[in-house]
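Visitor: What follows is each chain in one-letter form.
Number of protein chains: 2
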Amino acid sequence: MTLLYGVDPRTGARLEPGVPETDPETVAAFGVTAANAARPLAELPLPDRAALLDAVADALEAAADELVTLADAETALGRARLTGEMERTTGQLRLLAGEARREGFQRDTAEPGFVRALLPIGPVAVYAASNFPFAFSVAGGDTASAWAAGCPVIVKAHPGHPRTSVRTAEIISDALAKAGAPEGTFAIAHGLEAGLALIKDPNVKAAGFTGSVRGGRALFDAAVSRPDPIPFYGELGSVNPVFVTPSAVAARGEEIARGYVGSFTLGSGQFCTKPGLLFLPAGHGLEAVLAQAIASVEAPSLLTPRITEAFRTGVERLAAGTRTVAESAGAHLVAVTATEFAARPELTEECFGPASVIVEYASEEELRAAAAAVPGSLTATVHAESSDADLARGLVAELARHAGRVVYNGWPTGVAVNRAMHHGGPWPATTAPLHTSVGTAAIRRFQVPVTFQGLPEELLPPTVG
Amino acid sequence: MTLLYGVDPRTGARLEPGVPETDPETVAAFGVTAANAARPLAELPLPDRAALLDAVADALEAAADELVTLADAETALGRARLTGEMERTTGQLRLLAGEARREGFQRDTAEPGFVRALLPIGPVAVYAASNFPFAFSVAGGDTASAWAAGCPVIVKAHPGHPRTSVRTAEIISDALAKAGAPEGTFAIAHGLEAGLALIKDPNVKAAGFTGSVRGGRALFDAAVSRPDPIPFYGELGSVNPVFVTPSAVAARGEEIARGYVGSFTLGSGQFCTKPGLLFLPAGHGLEAVLAQAIASVEAPSLLTPRITEAFRTGVERLAAGTRTVAESAGAHLVAVTATEFAARPELTEECFGPASVIVEYASEEELRAAAAAVPGSLTATVHAESSDADLARGLVAELARHAGRVVYNGWPTGVAVNRAMHHGGPWPATTAPLHTSVGTAAIRRFQVPVTFQGLPEELLPPTVG
Chain A
0 MTLLYGVDPR TGARLEPGVP ETDPETVAAF GVTAANAARP LAELPLPDRA
50 ALLDAVADAL EAAADELVTL ADAETALGRA RLTGEMERTT GQLRLLAGEA
100 RREGFQRDTA EPGFVRALLP IGPVAVYAAS NFPFAFSVAG GDTASAWAAG
150 CPVIVKAHPG HPRTSVRTAE IISDALAKAG APEGTFAIAH GLEAGLALIK
200 DPNVKAAGFT GSVRGGRALF DAAVSRPDPI PFYGELGSVN PVFVTPSAVA
250 ARGEEIARGY VGSFTLGSGQ FCTKPGLLFL PAGHGLEAVL AQAIASVEAP
300 SLLTPRITEA FRTGVERLAA GTRTVAESAG AHLVAVTATE FAARPELTEE
350 CFGPASVIVE YASEEELRAA AAAVPGSLTA TVHAESSDAD LARGLVAELA
400 RHAGRVVYNG WPTGVAVNRA MHHGGPWPAT TAPLHTSVGT AAIRRFQVPV
450 TFQGLPEELL PPTVG
Chain X
0 MTLLYGVDPR TGARLEPGVP ETDPETVAAF GVTAANAARP LAELPLPDRA
50 ALLDAVADAL EAAADELVTL ADAETALGRA RLTGEMERTT GQLRLLAGEA
100 RREGFQRDTA EPGFVRALLP IGPVAVYAAS NFPFAFSVAG GDTASAWAAG
150 CPVIVKAHPG HPRTSVRTAE IISDALAKAG APEGTFAIAH GLEAGLALIK
200 DPNVKAAGFT GSVRGGRALF DAAVSRPDPI PFYGELGSVN PVFVTPSAVA
250 ARGEEIARGY VGSFTLGSGQ FCTKPGLLFL PAGHGLEAVL AQAIASVEAP
300 SLLTPRITEA FRTGVERLAA GTRTVAESAG AHLVAVTATE FAARPELTEE
350 CFGPASVIVE YASEEELRAA AAAVPGSLTA TVHAESSDAD LARGLVAELA
400 RHAGRVVYNG WPTGVAVNRA MHHGGPWPAT TAPLHTSVGT AAIRRFQVPV
450 TFQGLPEELL PPTVG
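If you read the protein sequences in the order shown, they are chains A and X. Residues 0 to 464 (numbering that gives the first Met the number 0) make up the first sequence, in order. Residues 0 to 464 (numbering that gives the first Met the number 0) make up the second sequence, in order.
If you're looking for bench data, these hints aren't it; they were derived computationally from the structure. Just to be clear, a hint being listed does not mean it is correct.
Cβ-Cβ distance ranges computed for the label pairs, FRET-style [what the hints assert, rightly or not]:
(1) X:Arg225 <-> A:Met0: 38 to 48 Å
(2) A:Arg100 <-> X:Ala298: 50 to 60 Å
(3) A:Glu110 <-> X:Pro461: 29 to 39 Å
(4) A:Gly112 <-> X:Pro16: 22 to 32 Å
(5) X:Arg13 <-> A:Pro39: 29 to 39 Å
(6) A:Glu102 <-> X:Arg213: 39 to 49 Å
(7) A:Ala318 <-> X:Pro461: 23 to 33 Å
(8) X:Ala342 <-> A:Asp220: 52 to 62 Å
(9) A:Arg100 <-> X:Ala281: 38 to 48 Å
With a Cα cut of at most 20 Å, we get these calculated DMTMM-like pairs of lysine to aspartate or glutamate [stated by the list, open to error]:
(10) X:Lys199 <-> X:Asp387
(11) A:Lys199 <-> X:Asp220
(12) X:Lys199 <-> X:Asp173
(13) X:Lys199 <-> A:Asp220
Note that beta-carbon positions come from the ideal geometry of N, C-alpha and C, so glycine has one too.
So here's chain A without its partners, still in its complex pose (with noise of 0.2 Å):
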């Protein structure tokens, strides 16, 4: 039996015990389970669905003290961090088990003789990502909006984080039970094998991931080329370009260049939102002010061994033919011009890690021609002031057509829940752009349509009604 082991990034010392990797075998009888448990899930009245995400949260929250400090021995984000990082994972079990209580939650639409229901998917495999161990992880958003769409959800748990998985596992699974869920309403599985078992079990209907582009290309491409393609909502990779006008530099240059600095190193820049691109006009002068934000930035203790060589690989190459602006044991910053920027196509791919790459654009033409070049991503950010809003206007419709989410005079890092969030975007940021992995809407990846034609109202089914 194959263990897996976390590993203290403070230390490099390997965590014990070790969690045993799930056996094929172990999967397939995993997708049995959750299929026998998709439509008595789906059967149980709403508020009874709503309030199995309620308990979970509860018991999460109980165990919150325990919980971080199994995180913080494995990620080294910190307690304050991650007991923000529990309130938020149970909070968003509870907004959306609200969502699920909603009235005519399933009942999309009504015409005289039809009905219009969205219905659970069936079972549902989630790929943990690293860099949230609660959020994005066993108990995270995609669990979350999977059960609220009335879906059974199997985990394949981030090898970072093992031991915390377990943990989180057992809790939920216990809370799972003392309310009543069905047998096979969740399940937990280890190790990369497994992970590529679950993706094509037919037994499974859909799939969540957050994680890179590598590992959510091969899991997308296996999950479109089974026998029955299912939808793969995946979040890849992103560099979330931001752009100053420069009329925002004129007013508060010092201010865009230390919010910059706290953004891209927030976390130790280990955010799909982080900023990787800043576009600023030639000659903004901030130069000295950057380096000094950048100075007092601590060094950081990055997720896994895998995501510091990674960090390592990716400054060299950022490096490359580039100038550097400020650096230090905390954070990596380098300049090119709009030129030299549409020359290499390479500094637009993510760099996951607290280093950024500024872009010095000459003229407005410049900066408009480079907001058309951008790839997908999760955001895309403005500075401007009122003196430029027709050049703010445009990039805003011009950013709208690359970016999940155009964010005004702010940061892209810190992404709100709520009912008006998308957190996705085009190709690479995602590989379902249509979708978001945050908020109330994360819920209809889970739900397919079905119209009810020249039915009795008793014949619907109740969660319908």
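Assemble chain X onto chain A, guided by the hints.
Guide: Relative to chain A, chain X alone:
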């Protein structure tokens, strides 16, 4: 230059003149022109966008007589049916125009500081179907819903009706130009190679398809294998099972038998909603009525020589190892027991044309087991009486997991175009079970959400306001 020719199904004669295949360079040029049209089309005020659909509807209506004549020569569907189909096509364009005019059409939802909008995804490739030369072809539902979303369209014409396609495209292009549409709002391509080039074109951002499992799967595979995978909305194959309870047979068995023959032979069985499976209680005693109904069905002129040949082999496949209930020049009906059916999965494959399979069940248990085992379909139908309400309720709940539309005491052929329609379903009925190709919700396939955060109202794209 290779020419494509239509064939008169009534005589087998080649129809002059031929239509040139589109070369890959021209397809690439279409992609560039469509990409250039994307932003002006997206930013057109919504009433002006809607006016484009209305203008095309008016122009098609004015040319209906000419188009019906062309289409009848190429498809043998008959003037009455084709005239009705043209009315549906123009009605569909106007319904979707009305949707695009609806207040708040693109503003999905808002929270303080956040507006979530639904914006056009970009240029769309539409693969036309053989069996609806108007309603699922050049100016059909995929084209209309992509335009309503604000997307340029490049149609790949179906080779079964090339002259109808060319003339429809001329009328569309003329109407769009007169109505002031951006150049590149519409283009049409002909030929297999052009279709393959189109799905791989980097400027194409989504595709709609109606056709066979084989053709749809090949294009789906190409769409998801791109460096940047794109959404592919394919409607492929469906057997549309019908379940008749014992009480329904007792109350109105002969009426059901005649309705069934009428439904599976309607339009020579060339509807994607044709009922290919009928579940009847053993000893139903309806053989004579079924044989009588089938004897009066006229010999079909199937759409193309290829479909005629596929139907011949399909009937041979169904006949092997089954009992022939009735056959005539116009229709083929075979029967098996539920036990035999469970052992022969090939009977669940669609046979396009006027053929169907009766499955005789020995018990309610066998009926329920059969419902749980049917493949993904566009529709599933239940015929029951109130004395069988529990059985009916159980069947409806199960079938809602296998079909996009559940019909009660009716027939699946004839799809209403309205706000509550879902024309979709699990694989192999479609490649995208969350989406419909018919009704107003079809527009959603070509809209991507974008959240605007902290943006003053005056900087929002004007179509979002």
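Visitor: Could you run down the list of hints and mark each one as holding or not?
Guide: How the hints compare with the structure:
In this structure the supplied range 38 to 48 Å holds for Arg225 (chain X) paired with Met0 (chain A), their Cβ-Cβ distance being about 40 Å. The hinted window of 50 to 60 Å between Arg100 (chain A) and Ala298 (chain X) holds, with their beta carbons roughly 58 Å apart. Taking 29 to 39 Å as the suggested C-beta distance range, the pair Glu110 (chain A) and Pro461 (chain X) conforms, at roughly 31 Å. Between Gly112 (chain A) and Pro16 (chain X) the C-beta distance comes to about 46 Å, which lies outside the given range of 22 to 32 Å.
Judged by the Cβ atoms, the range 29 to 39 Å given for Arg13 (chain X) and Pro39 (chain A) is violated: they are separated by roughly 59 Å. Between Glu102 (chain A) and Arg213 (chain X) the CB atoms are about 44 Å apart, so this pair conforms to the stated range of 39 to 49 Å. Under the hint 23 to 33 Å, the C-beta atoms of Ala318 (chain A) and Pro461 (chain X), about 43 Å apart, miss the expected range. Evaluation of the 52 to 62 Å hint for Ala342 (chain X) and Asp220 (chain A) yields a failure: the beta carbon distance comes to about 34 Å.
Between Arg100 (chain A) and Ala281 (chain X) the beta carbon distance is about 45 Å. The supplied range of 38 to 48 Å therefore holds. With a CA separation close to 52 Å, the supplied pair Lys199 (chain X) and Asp387 (chain X) exceeds the 20 Å bound. A hinted pair counts as satisfied when its Cα atoms are at most 20 Å apart, and Lys199 (chain A) with Asp220 (chain X) qualifies at roughly 16 Å. For the hint linking Lys199 (chain X) to Asp173 (chain X), the alpha-carbon distance of about 28 Å lies beyond 20 Å, and the restraint is violated.
Straight-line distance between C-alpha atoms of Lys199 (chain X) and Asp220 (chain A) comes to about 16 Å, which keeps the hinted pair within the 20 Å bound.
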